[in-house]
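Colleague: Which chain is which? The protein sequence lines are V and Z, in order.
The first sequence begins at 1 in the working numbering and counts up by one.
The second sequence begins at 1 in the working numbering and counts up by one.
Just so you know, these hints were derived from the structure itself, not from any lab.
All values reported here derive from a predicted model rather than from experimental measurement.
Each residue gets a CB set at the ideal place from its N, CA and C atoms; glycine is no exception.
Treat the hints with care, since some could be wrong.
Said to hold, decoys possible - Just the calculated beta-carbon pair ranges, DEER-fashion:
{"no.": "1", "chain 1": "Z", "residue 1": "Glu185", "chain 2": "V", "residue 2": "Gly151", "range": "46 to 56 Å"}
{"no.": "2", "chain 1": "Z", "residue 1": "Asn10", "chain 2": "V", "residue 2": "Ile35", "range": "27 to 37 Å"}
{"no.": "3", "chain 1": "V", "residue 1": "Ala437", "chain 2": "Z", "residue 2": "Arg274", "range": "25 to 35 Å"}
{"no.": "4", "chain 1": "Z", "residue 1": "Gln290", "chain 2": "V", "residue 2": "Val452", "range": "35 to 45 Å"}
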Amino acid sequence: MPPVMINQDKGYSFGNEPISVNKTGEWRFLTPKKIKKLSPCSQGCLLDGEIPDWMEAVKKEEWAEAWNIMKRNNPFPALTGYVCFHPCSENCNRGQLDQELDIQAVEKKIGLWRLNNYKHETEPCSFKGRVAVVGSGPAGLSCAFYLTEAGYEVTVYEKSDLIGGMLALGIPEYRLPRKVLEQELQLLKNKGIIFITNSALGSDYSLADLYSKYDQVFVATGAWVARKALIPGEENKGVWNALELLSAYNRSKIPDLKNPVVVVGGGNAAVDSARSALRLPGVNQVSLVYRRGRIEMPADQSEVEAAEKEGVELIFNATPRKIETDQNQLSEIIFDYSKTNLNGLIIDCNKSFKKECKTVIMAVGQNADLSVLGLLDEAKTFIAGGDMISGPATVADAIRAGRIAAETIKSFLEGLPGPLDDPKEEVPILFEELNLAARLNMQPLKKQVDPVSEAGRCLGCGTCNSCGICYLFCPDLAVDNVGGRYEFNLDYCKGCGICVKECPARALVMEGGSE
Amino acid sequence: MKIEEMNRENEMIYSGHSACPGCGAALAVRFLTKTLGPNLAIALTASCWSIIAGVPPLTALKCPILHCPFPSAGSVGSGLRRGLNAKGMLDTTVVVLAGDGGTFDIGLQALSGAAQRNEDYIFVCYDNEAYMNTGMQTSSATPFGARTNTAPYPLFKEGQKKDIVQIMAAHSIPYAATATVAFPEDMENKFKFAKELKGFRFIHILSPCPPGWGTESSDTIELSRLAVSSGAFPLFEVKYGMEWRMTTPLEDKRTPLGDYLGIQRRFKDIDSERLKILQEEVNYEWELLQDKVRRSEILK
Chain V
1 MPPVMINQDK GYSFGNEPIS VNKTGEWRFL TPKKIKKLSP CSQGCLLDGE
51 IPDWMEAVKK EEWAEAWNIM KRNNPFPALT GYVCFHPCSE NCNRGQLDQE
101 LDIQAVEKKI GLWRLNNYKH ETEPCSFKGR VAVVGSGPAG LSCAFYLTEA
151 GYEVTVYEKS DLIGGMLALG IPEYRLPRKV LEQELQLLKN KGIIFITNSA
201 LGSDYSLADL YSKYDQVFVA TGAWVARKAL IPGEENKGVW NALELLSAYN
251 RSKIPDLKNP VVVVGGGNAA VDSARSALRL PGVNQVSLVY RRGRIEMPAD
301 QSEVEAAEKE GVELIFNATP RKIETDQNQL SEIIFDYSKT NLNGLIIDCN
351 KSFKKECKTV IMAVGQNADL SVLGLLDEAK TFIAGGDMIS GPATVADAIR
401 AGRIAAETIK SFLEGLPGPL DDPKEEVPIL FEELNLAARL NMQPLKKQVD
451 PVSEAGRCLG CGTCNSCGIC YLFCPDLAVD NVGGRYEFNL DYCKGCGICV
501 KECPARALVM EGGSE
Chain Z
1 MKIEEMNREN EMIYSGHSAC PGCGAALAVR FLTKTLGPNL AIALTASCWS
51 IIAGVPPLTA LKCPILHCPF PSAGSVGSGL RRGLNAKGML DTTVVVLAGD
101 GGTFDIGLQA LSGAAQRNED YIFVCYDNEA YMNTGMQTSS ATPFGARTNT
151 APYPLFKEGQ KKDIVQIMAA HSIPYAATAT VAFPEDMENK FKFAKELKGF
201 RFIHILSPCP PGWGTESSDT IELSRLAVSS GAFPLFEVKY GMEWRMTTPL
251 EDKRTPLGDY LGIQRRFKDI DSERLKILQE EVNYEWELLQ DKVRRSEILK
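One chain only, chain V, in its complex shape (with noise of 0.2 Å):
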């Protein structure tokens, strides 16, 4: 390189070669590194989803990539963008500052753009090995999901005649559109699913005549075997359990419910019957009875709130003892006071009152039917999951189940080392640790109605969200966009640690070298 230049234009210049020679990276004894800590949405996410991470992605419209995160933890972000409790919103640090992000709207979107976009294509697949899967569930369509995906020819064999499990036959209409549900279901035909429905584990075949043909199995059935109350009256007509009803509900057979009606229960099912039964033609009167407290109910509480908004009688502390008929039919169902206390549930009879009802929906709960696994030592080691294993439970849940039955089985026929249980990180990241001092500007916020606007507030606790804080107050220039994200140029970097001390998020961290 001349010293002295010359230069057509401008006469002699003198001294403009770039200083970039200089490598001031040989200063550093410190490295910033881009990390990823836990988020208390990502804590609370029954999938374990990194929440972070599609939020961003659907900040900058990347719908594909959302998607391609998404899928890592849950693969049908349509259907728990619908069902799902989300209890990764109520966790959510923004919440401290205006209002938490409806992380909800984001999944069902990403959801909705899958379905729409995914909608004709048929993924070719070359098969490693042949896997049943015994139930359509969403334990078993998660499970179907992974297993496809990694390469395996999946059978699902649904004992009803309806593909979904507690998603066609548990959940009723208003709260999952059917449509959405047909979608994803076409989705996992074209994926090269194979569905045999109106085939029951048991009385078609056995565990043994799947092991004769497929290289493992998965048993997902759930729990369907409605529990008693073990009260007199109980068998009487005019009494229902849920799941009867809310089947007969989503097949559009309309039953035949006599006003006033009486749901006896506090879980999920017990809320969807009672909304469910209010929907009916000739009903307007509907009462649901909990033995416990409203806090102590297993039953989502936006759930509770919505029934009651839509005019159902909440009841507490009352146990069923009775259900009296007069004429054949149903005349009254005679209730005791009852509490929870450290010992237990205290009934006390003197404390009793009747209420008439003329329909009676029984909703105590419902267990697993283990008997349809036949002698179980004559089967080979068979995989089990779902509702069927941790008793009646969220639809995240079994996604997640079906998640790491996927992987186990997978791990088994490959011969690798199984999926790990590995405890998620205790604390996330707190409000308090987070520097919105570096977010320039940053108003407070509320609730958006478009998803990518709401995605915009998301303030990336713990994960990088391209921000830019770290490049703008780089006084070296040593961090490069690189479409958008952010690397570091360590050929340049001296270490300062700006970056690191101003990241909003706390996705950076110093390492290497000790003081």
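Go by the hints and put chain Z onto chain V.
Modeller: Showing chain Z alone in chain V's frame:
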């Protein structure tokens, strides 16, 4: 600032310059050149930036730099402006870049002369509150109570910091303002506003200096933010020496000065009496400033 625009190509500064890690002045000039560039000529007086700018044939900036002697910043800027005008380069922005020594002490007479003649350029003082380049000697920009290499333990700087913006405002120049690195948007707005004006414009930038102030290099932005929130370095602008206006929304409560001083080793063993004097000085200056702002509003 849009995320797509934030990349190396849009900057006027090269990586690899020789500023210390965490240098506030490097950051300040990065914001300055990005806002005022690319059609920009800089007259640079002796200061840290004389070193940061690089030894020829290397340069840290994508615009021409004219190095000049310590006391001459104001005059060299005037000459550069008139020279460019004579060549017909009227749309080139001229910036004089000086440290606090070249502005508050050694360069004051040339600065005052240029301001009085209302020369048409932007004078930018990046203030790191001492002669940092030559080894941290006291300047008249050093705050009361700070320890420097010419006021070592048990001494400390006596007398308060010179109020340079008030001096400049007294020249009734079209625009004078303060800015600091923790508020790049505010700084950008001030440069943009100044660029559109004619005549002498003065911008005073507080740029924390990790080795000189005895702070962690990562604390630069935090210090700059604390200086503003404690009221030690209020952000404001003055038009024609009359219209005083605060440019940050006023917080009801200023943070205690102790938070700002506590993380600086130059104030390490400041006693409560000196801290009290400093706090009172800050409070007094703050009230004075608010008074001017209020009076300007009435004049409007």
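Colleague: Evaluate each hint against the coordinates.
Modeller: Going down the list of hints, with the structure as the test:
1. About 51 Å separates the C-beta atoms of glutamate 185 of chain Z and glycine 151 of chain V, a value consistent with the hinted range of 46 to 56 Å.
2. Hint check: asparagine 10 of chain Z to isoleucine 35 of chain V, Cβ distance near 28 Å, so the stated range 27 to 37 Å holds.
3. A C-beta distance of roughly 28 Å is found between alanine 437 of chain V and arginine 274 of chain Z, which places it inside the suggested range of 25 to 35 Å.
4. Checked against the given bound of 35 to 45 Å, the beta carbons of glutamine 290 of chain Z and valine 452 of chain V, roughly 42 Å apart, stay inside it.
In this structure, none of the earlier numbered hints is contradicted; all agree with it.
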